[in-house]
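There are 2 protein chains.
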Amino acid sequence: MDFTFHAPTTVHFGKGKENLVGSLIKELNVKKIMVQYGKSSVIKSGLLDKVKKSLTDNGIQFVLLGGVEPNPKLSFVRKAIEIAKEEKVEMLLAVGGGSVIDSCKYTALGAVTDIDVWEFAMGREKPILALPVACILTLSAAGSEMSNSAVITNLDLNMKKGCSTELNRCVFAICNPELTYTVNKYQTACGIVDIMAHTMERYFTDYPDTPLTDGIAEVILKSVIDAGKVLMNDPENYDARATVMWASSLSHNGLTACGRENYLAVHQIEHAVSGEFDSVAHGAGLAVLFPAWAKYIYKQNVKRFAKFARNVWGVLDDDDQSASVKGIEKMACYFASIGMPKSLSEFGIEKSAIDRLANLCTFNKTRTVKSYIPLGFNEVKQILELSF
Amino acid sequence: MDFTFHAPTTVHFGKGKENLVGSLIKELNVKKIMVQYGKSSVIKSGLLDKVKKSLTDNGIQFVLLGGVEPNPKLSFVRKAIEIAKEEKVEMLLAVGGGSVIDSCKYTALGAVTDIDVWEFAMGREKPILALPVACILTLSAAGSEMSNSAVITNLDLNMKKGCSTELNRCVFAICNPELTYTVNKYQTACGIVDIMAHTMERYFTDYPDTPLTDGIAEVILKSVIDAGKVLMNDPENYDARATVMWASSLSHNGLTACGRENYLAVHQIEHAVSGEFDSVAHGAGLAVLFPAWAKYIYKQNVKRFAKFARNVWGVLDDDDQSASVKGIEKMACYFASIGMPKSLSEFGIEKSAIDRLANLCTFNKTRTVKSYIPLGFNEVKQILELSF
Chain D
1 MDFTFHAPTT VHFGKGKENL VGSLIKELNV KKIMVQYGKS SVIKSGLLDK VKKSLTDNGI
61 QFVLLGGVEP NPKLSFVRKA IEIAKEEKVE MLLAVGGGSV IDSCKYTALG AVTDIDVWEF
121 AMGREKPILA LPVACILTLS AAGSEMSNSA VITNLDLNMK KGCSTELNRC VFAICNPELT
181 YTVNKYQTAC GIVDIMAHTM ERYFTDYPDT PLTDGIAEVI LKSVIDAGKV LMNDPENYDA
241 RATVMWASSL SHNGLTACGR ENYLAVHQIE HAVSGEFDSV AHGAGLAVLF PAWAKYIYKQ
301 NVKRFAKFAR NVWGVLDDDD QSASVKGIEK MACYFASIGM PKSLSEFGIE KSAIDRLANL
361 CTFNKTRTVK SYIPLGFNEV KQILELSF
Chain W
1 MDFTFHAPTT VHFGKGKENL VGSLIKELNV KKIMVQYGKS SVIKSGLLDK VKKSLTDNGI
61 QFVLLGGVEP NPKLSFVRKA IEIAKEEKVE MLLAVGGGSV IDSCKYTALG AVTDIDVWEF
121 AMGREKPILA LPVACILTLS AAGSEMSNSA VITNLDLNMK KGCSTELNRC VFAICNPELT
181 YTVNKYQTAC GIVDIMAHTM ERYFTDYPDT PLTDGIAEVI LKSVIDAGKV LMNDPENYDA
241 RATVMWASSL SHNGLTACGR ENYLAVHQIE HAVSGEFDSV AHGAGLAVLF PAWAKYIYKQ
301 NVKRFAKFAR NVWGVLDDDD QSASVKGIEK MACYFASIGM PKSLSEFGIE KSAIDRLANL
361 CTFNKTRTVK SYIPLGFNEV KQILELSF
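Residue numbers (our numbering), protein chains in the order written: chain D, 1 to 388; chain W, 1 to 388.
A hint or two may mislead.
Identical copies look the same in the list; a pair holds intra-copy or inter-copy alike.
Straight line, CA to CA, 25 Å or less: simulated SDA-like cross-link-like pairs of lysine to any residue [as the list claims (entries may be wrong)]:
hint, residue 1, residue 2
1, Lys222, Asp209
2, Lys330, Gly16
3, Lys26, Pro341
4, Lys73, Thr56
5, Lys26, Glu166
6, Lys26, Ser164
7, Lys222, Val315
8, Lys222, Gly254
9, Lys326, Glu18
10, Lys26, Phe377
11, Lys303, Asp239
12, Lys26, Val171
13, Lys126, Asn29
14, Lys365, Gly123
15, Lys161, Gly46
16, Lys85, Thr113
17, Lys222, Asp318
18, Lys39, Asn71
19, Lys342, Tyr186
20, Lys26, Phe363
21, Lys53, Thr4
22, Lys88, Val230
23, Lys330, Asn71
To be clear, the hints were calculated from the coordinates, so they are not data collected in a lab.
Bound conformation, chain D alone (with noise of 0.2 Å):
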């Protein structure tokens, strides 16, 4: 075990948190900020005006930037900072998802530079100062709100990138289940594997076993499991809805890695996927490509995989090889339960997409991606196959 945790995030979970955010802003002595939001469903439900009057009553002034789209835009990002950078804005305040938190993320760490951010994404720059920022959380899914990630996608190079930095943590998340209960079945259901991916992704890397940060994932993933069976058919339980929220959180915040690492393998290909057909919703894509990474990968570490299958899926097998396959299978069954694609034909992908997939993956083959064993173009192409 050895390990940085820092996880400074204040959460304020529960009902009506939202109502608090003018008077936490205003804690920080910030005096003025930009608000970004993505479609018009925060309006419609009167999120959107919850916010603007807690922002008045504790006289802070703000700037109104709606249209933040999912896998958000670098586009996008650079006409926020400028308008931040005119505004003078002091803080960010995202009111979504992790698409907007992400957004609002890449504005505040291109706000106080002239470095343009797609630099920070590729890795060619490294960011030294943000302003802060926070969120309202409407989404259960990326776990940015507690996160030091965020991604960005360029469609002038069909590439979509991340980049984590401490800058990135948000000062506060506010996260009130209430505000997912309008999220539909088929984005519930992605966060849900977005969430079970982000603590795979950690879980299935190359370290001896660690009793408490393993558990803590097995749990976080069987207690979404179980949530996300109460939620297809009950949107509006509570209880349910906060688990899914706040595994969301743990599943990203540096909890789920502590004695391991974030390979984010899978992410990275998903990356590409998305990258480069915009309409595959994150999660969606996650859902088919986990599955063929494990049944490509499961044989580099079958104790590993045994491991997950007994613990997580409840399989009896006694043998770890039948026991791995069993556990991926069960992980597939699950996600397609609850109504996952199973394959990127699904997605209207065709298979002579393969190599140009494979292709911006590896950033044509001059890298690998971190994983059991590196997955170069070939090893990339043989789990995008398994993915149809």
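Model the placement of chain W on the given structure of chain D, informed by the hints.
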């Protein structure tokens, strides 16, 4: 689920991390600190020399103050505050376990005000400012390295009191499991009981089931129970020391209270006992009092105690009532198996002390302690009777 989670301490966990201390403090732009420690063990082990070297190498001036006792004393803290003010130190560094950290926390609260810190302990004044505190942990037990609480003993009044405030969060905690190799069996066991108690004090609170929080608590308990067994025979087992050390932080940083609460009922009874009888090690006191409290209270929530018995202790009994009893028995047996006392009489305490202790705990019958039912003088008395 309704909670605020805030655990901002950066944990630097792993071998050799103590050598980072000087550079970590330098990053905070701090020029002069006070280093507190307990007995000569940190001198003998060479740890203090390493710390001094790291501080000197990074140009940090320091005042050394050794002699913090277990159950740290108000009188010592008052003296430390005087020195901290005279020397104009800007930060406190604790090199030790919970007692040293708590002594530093109180010193940090007192160094920036004219209010006597006992007023904070008694809740008659509320601290609004504190110097930053960091620690190098040498004992896995109190969880003070990530918690918002600190406990102090006033020998004049024979009272031991905690003070919880976000100002008590360490800026950083250096946790190297190797630094706990020399902790003897008895103290190791005391630490394990304390960690388990912190987890159980939140687990046994009057809230509906919280799958994620409950599951994490159960994982912490099981991991620590297993690691404790290993350490009784193999005190230099790195993985087991690491599990216990990280569990110490997680059990008391708020994670196991999400959607629940922290009653600390048994802790409050124990504080009366070890406040009055300075020979009682906190963990050893808890090892006697926790089963006694459980025997007294379990009928108030048989379902919860049955869940505990099944998920933590592997009790298979279908009947909630008898499962509960078996779980409590297993807990008591485990404590005994790691060398903990089974009765207050093993500390040389006589039954005639019961009334005095119940009075101390309830401030002469002026308060009740929160549990499934409020524990007043009579209830505490019955729990104490079950402790013999």
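Taking the hints in turn, this is what the structure says about them:
1. With identical chains, the CA atoms of Lys222 and Asp209 are at most 25 Å apart both within one copy (18 Å) and between copies (15 Å).
2. In this assembly of identical chains, Lys330 and Gly16 lie within 25 Å of each other by CA distance neither inside one copy nor across copies; the values are 37 Å within and 42 Å between.
3. Within a single copy, Lys26 and Pro341 get their C-alpha atoms no closer than 45 Å, and across copies no closer than 52 Å, so neither meets the 25 Å cut-off.
4. In this assembly of identical chains, Lys73 and Thr56 lie within 25 Å of each other by CA distance neither inside one copy nor across copies; the values are 29 Å within and 48 Å between.
5. Both within a single protomer and between protomers do Lys26 and Glu166 lie at most 25 Å apart by alpha-carbon distance, with minima of 23 Å and 18 Å respectively.
6. Proximity of Lys26 and Ser164 under a CA criterion of 25 Å is satisfied inter-copy only: 24 Å between copies versus 28 Å inside one chain copy.
7. In the homo-oligomer, the alpha carbons of Lys222 and Val315 lie at most 25 Å apart both inside one protomer (13 Å) and across protomers (21 Å), since each shortest distance falls under that limit.
8. In the homo-oligomer, the alpha carbons of Lys222 and Gly254 lie at most 25 Å apart both inside one protomer (18 Å) and across protomers (21 Å), since each shortest distance falls under that limit.
9. For the identical chains of this complex, Lys326 and Glu18 are neighbours neither inside a copy (43 Å) nor across copies (44 Å), given an alpha-carbon limit of 25 Å.
10. In this assembly of identical chains, Lys26 and Phe377 lie within 25 Å of each other by CA distance neither inside one copy nor across copies; the values are 50 Å within and 44 Å between.
11. For the homomeric pair Lys303 and Asp239, the shortest alpha-carbon distance between copies (19 Å) is at most 25 Å, but the shortest distance inside one copy (34 Å) is not.
12. Proximity of Lys26 and Val171 under a CA criterion of 25 Å is satisfied in both settings, with 13 Å inside one chain copy and 23 Å between copies.
13. With identical chains, the CA atoms of Lys126 and Asn29 are at most 25 Å apart between copies only, with a shortest distance of 22 Å across copies and 27 Å within one.
14. When the C-alpha separation of Lys365 and Gly123 is checked against a cutoff of 25 Å, the pair qualifies only within one copy, where the shortest distance is 18 Å, while the shortest distance between copies is 64 Å.
15. Taking the shortest Cα distances, Lys161 and Gly46 never come within 25 Å of each other, neither inside one copy (33 Å) nor across copies (46 Å).
16. In this assembly of identical chains, Lys85 and Thr113 lie within 25 Å of each other by CA distance solely inside one copy; the values are 10 Å within and 40 Å between copies.
17. In this assembly of identical chains, the alpha carbons of Lys222 and Asp318 lie at most 25 Å apart whether taken from the same copy (21 Å) or from different copies (22 Å).
18. Taking the closest pair of Cα atoms, Lys39 and Asn71 come within 25 Å of each other only inside a single copy of the chain (13 Å); across copies the shortest separation is 56 Å, beyond that limit.
19. With identical chains, the CA atoms of Lys342 and Tyr186 are at most 25 Å apart within one copy only, with a shortest distance of 14 Å there and 55 Å across copies.
20. Proximity of Lys26 to Phe363 under the C-alpha cut-off of 25 Å is found in neither arrangement, the shortest distances being 44 Å within a copy and 39 Å between copies.
21. In this assembly of identical chains, Lys53 and Thr4 lie within 25 Å of each other by CA distance solely across copies; the values are 23 Å between and 39 Å within a copy.
22. For a Cα distance limit of 25 Å, the shortest separation of Lys88 from Val230 qualifies neither inside one copy, at 45 Å, nor across copies, at 58 Å.
23. In the homo-oligomer, the alpha carbons of Lys330 and Asn71 never lie at most 25 Å apart, since the shortest distance is 29 Å inside one protomer and 52 Å across protomers.
Against the hints set out earlier in the document, violations occur for numbers 2, 3, 4, 9, 10, 15, 20, 22 and 23.
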